[in-house]
Amino acid sequence: MTLPFSYNARNVVVRWRSSAATVLIIALVVAVCLILQAMAQGIVSSTSATGDPANVIIVRKGSTAESSSIVTRTQARRIQFLPQVQRDERGDPISSAEVVVLANLRRRGGAGEANVSLRGISPAGRALRPQVRLAEGRWFVPGKREVVVSRRLAPRFEGLGLNERFKSGAHSLAVVGIFDAVGTAFESEIWLDANEARSLFDREQFSSVIVRVPSPADQQAMKKSLESDKQLRLLALPEPEYYAKLTKSAGPIRFLGYFLAATLSVGAVFAAMNAMYAIVGRRTREVGTLRILGYPRRIIMLGFLMEGGLLALAGGALGCALAAPFNWVTTSTISFDSFSEIVFKFHITPWLIIQALAFSFAIGVAGSFLPALRVSRLPVIAAVKAV
Amino acid sequence: MASSDPIIRLKELTKIYQQGEIRVTALDGIDLDIAAGEFVALMGPSGSGKSTLLHIVAGIDRPTRGECWVGDIEVSRLNESQLAEWRNHTIGFIFQTFNLIPVLTAFENVELPLLLTGLAPRRRRELVQTALDIVGLSDRSRHLPRQMSGGQEQRVAIARAIVTDPPILVADEPTGNLDAHSAATVMETLQTLNGSAGKTIVMVTHDPRAASFGSRIIHLEKGELIRESATPPGGGTPA
Ligand SMILES: Nc1ncnc2c1ncn2[C@@H]1O[C@H](COP(=O)(O)OP(=O)(O)OP(=O)(O)O)[C@@H](O)[C@H]1O
Ligand SMILES: [Mg+2]
Chain A
-8 MTLPFSYNAR
2 NVVVRWRSSA
12 ATVLIIALVV
22 AVCLILQAMA
32 QGIVSSTSAT
42 GDPANVIIVR
52 KGSTAESSSI
62 VTRTQARRIQ
72 FLPQVQRDER
82 GDPISSAEVV
92 VLANLRRRGG
102 AGEANVSLRG
112 ISPAGRALRP
122 QVRLAEGRWF
132 VPGKREVVVS
142 RRLAPRFEGL
152 GLNERFKSGA
162 HSLAVVGIFD
172 AVGTAFESEI
182 WLDANEARSL
192 FDREQFSSVI
202 VRVPSPADQQ
212 AMKKSLESDK
222 QLRLLALPEP
232 EYYAKLTKSA
242 GPIRFLGYFL
252 AATLSVGAVF
262 AAMNAMYAIV
272 GRRTREVGTL
282 RILGYPRRII
292 MLGFLMEGGL
302 LALAGGALGC
312 ALAAPFNWVT
322 TSTISFDSFS
332 EIVFKFHITP
342 WLIIQALAFS
352 FAIGVAGSFL
362 PALRVSRLPV
372 IAAVKAV
Chain B
7 MASSDPIIRL
17 KELTKIYQQG
27 EIRVTALDGI
37 DLDIAAGEFV
47 ALMGPSGSGK
57 STLLHIVAGI
67 DRPTRGECWV
77 GDIEVSRLNE
87 SQLAEWRNHT
97 IGFIFQTFNL
107 IPVLTAFENV
117 ELPLLLTGLA
127 PRRRRELVQT
137 ALDIVGLSDR
147 SRHLPRQMSG
157 GQEQRVAIAR
167 AIVTDPPILV
177 ADEPTGNLDA
187 HSAATVMETL
197 QTLNGSAGKT
207 IVMVTHDPRA
217 ASFGSRIIHL
227 EKGELIRESA
237 TPPGGGTPA
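Protein sequence lines correspond, in order, to chains A and B.
Each residue of the first sequence is one higher than the last, beginning at -8 in our numbering.
Each residue of the second sequence is one higher than the last, beginning at 7 in our numbering.
One chain only, chain B, in its complex shape:
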């Protein structure tokens, strides 16, 4: 799989935050290729630039220098409204804090990205049902976020991320707020999406167990790539 064309290609990617006198180099010339179908785990100490990298790949932040290509699109060249539309069908974003809309039901939360597509309501309903089926929560579609456990909320968020069938899922510490059991369920869901649905996944995590689900682990430190390690075949089955 790693031999196929990269779906994500970062060239000399640099992000510098300038706050008055202080310059923070969050990313320092990152070169990285990620092939379609890979499951990449990004690890590294706090402040090493993991989230920044993820945000740039997801088209919600812009690099100071360098290029970020996704497919044949250079993301940082898109304007604000092009980016919005591009994100809608290319990137599924999964947050550490789930970020479900509290006043909307699970179904409605999952439907949100579809409302921008112009699909007929019936088709939307089918897609939402399918997405909820995949994460195993079709029986919770009428529940509000506060009526669900953290693990369930995160799985609804995953359903929301995949409902437009984007090729790439981006997750920032998706298990960071979950207990071990819920974390395992979420990781298994992501693994299935990677394996049978062929989603390319880039996931930031502090948790080695979560990272072990990835097909490739990348370590960042002070904005630089320092090391890469492949996980053993069959990795991801928690010990």
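Same shape as in the complex, but just chain A:
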């Protein structure tokens, strides 16, 4: 007992041009909301892709970012020699005590300044992150004032290009290499030697320790032994878990996305309503015909709700297409976890597309409600005599 789907679907296909303005409005609304969600998703994706499940990161309990965490040298040594930590072929623990500091750097093109994360790593730090690969130049030599910069960061700040120099405080640092860290939080970092960083930035202590502990059982044991000692006040987390928490910056963007979706959708619903009033107005006699053939009001009503939904869905699909070029575009924002600049890519996931399409369909259905009600409530004789 339904109108053939093709009846309403084909009307959309045949007549969408007359509703092109509405389709476009819905497309723009969907595109704007989708882009914001893709931005939030990009932050989530880049941080959550960072962690390696075989690594455990140890930071001070209660610190939200590595840059605000303190792990003393004694603690670092103790962690390093825990029995669970894997050792390399020479028998050394695979462990990196690291220092993360923020440096205020000038953006290229005179667009102000921003905080950038500098990470001082121990020799094992590179082995712990095989996803970070040298792309150009060479790695820094410990003991020299040398750094390696993420490929994404290099073009954004003054002096971060290969073989350039930049100043941090009184010190001048040389960029000797460029690394790739595709899709991870390391894309927002500058790397150098840990001891060099400690002396440059006058840090007695480390920020964090990263150790290789491949077995989840060992990870649990290690976590227990560290966290049960209340004196230590340390937190040990598998890396993926740690990075998954660093997505605070996604929150406000996501909220803005939902807020805009909520407000813009009101406008979009009215646009859809406008288009649907025009459509049912033009097809009143057709409705009369269907009623004469025996179609009851509710089926006519459902048909037009469906048609409005499909029309808006076309807008939604167009909106996704408009937003698509943003996918993988690199952008940056300030992190609400570390207050440093983070670089990430817009990430339009299939799930976001599904949400966007469902959102547009809902706009269409909502906008069709009153027009559909009006035309389906019309007496048959009035409908069939309409011009």
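Hints listed in this document are in silico derivations from the structure and should not be mistaken for laboratory results.
Quick reminder that beta carbons are idealized off the backbone N, C-alpha and C, glycines included.
Keep in mind that a hint or two might mislead.
As the list claims (entries may be wrong) - Quick list of simulated restraints, FRET-style, between CB atoms: (1) 254(A) / 129(B): 46 to 56 Å; (2) 135(B) / 341(A): 42 to 52 Å; (3) 185(B) / 341(A): 52 to 62 Å; (4) 349(A) / 212(B): 48 to 58 Å; (5) -3(A) / 135(B): 12 to 22 Å; (6) 194(B) / 341(A): 52 to 62 Å.
Based on these hints, arrange chain B with the ligands on the given structure of chain A.
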């Protein structure tokens, strides 16, 4: 045939349109019996109430007073959804303007009334094919209305009207928008439906040639039945 039980019986049928101060009496106490199998042509000047009468018989308008019986059902007593279902299997409606759905093919247009019946798709296809065969358009089933001539469109509309096999066909100036040749084809189709399929037909027309296909001609004027004339036997063969 006229001696069999009436399939349509109108008693004191009255329709008054009230628009502010103005009262228009479109039908003024019509008494009329139409027997099953009759082919009635309704004639009369513009505004005489022909369409109004047809609409009430077809269950798409309600009388102000009086009764309209079709079979043993008093149509004006049915509620809106009962009427819809009743129309679906009792009345085939043919419009002056064809009223095909422009985005649907001939086949799909004819299938529309069947989608409400719960018949299996295969059975529906058979019935649509049969209906299109009867009007001689089985080769046009995939054509859209705009790809057909007016006469063909009207014959598709007739196929749509008969596809649920309703006992009564109601046609409001079915040839009003057609050239003489197409009109003749449409009238021959209706005549066949009346003759071999036994459909009772009530048709409004201004065209005496079309009317001559009927077995009975009824004249309306100012909402009243003024005269009735039988057509000569064998009437309907255009001169
Ligand atoms: N909705 C309405 N409101 C007011 N008056 C109406 C309405 N519908 C019809 N009428 C009037 O009722 C009368 C009969 O109309 P009807 O349509 O039945 O005439 P008709 O015989 O079919 O005429 P035509 O040959 O021009 O189609 C006319 O005077 C018309 O103006
Ligand atoms: Mg009329």
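Each hint, compared with the structure:
Distance hint for residue 254(A) and residue 129(B): a CB-CB separation of about 52 Å, consistent with the stated range 46 to 56 Å. In this structure the supplied range 42 to 52 Å holds for residue 135(B) paired with residue 341(A), their Cβ-Cβ distance being about 43 Å. Roughly 57 Å separates the CB atoms of residue 185(B) and residue 341(A), a value that falls within the hinted 52 to 62 Å. The beta-carbon spacing between residue 349(A) and residue 212(B), approximately 54 Å, falls within the hinted interval of 48 to 58 Å.
For residue -3(A) and residue 135(B), the Cβ-Cβ distance of about 19 Å falls inside the hinted range of 12 to 22 Å, so the restraint holds. Between residue 194(B) and residue 341(A) the C-beta distance comes to about 60 Å, which sits within the given range of 52 to 62 Å.
Going through the hint list in order, the structure satisfies each hint without exception.
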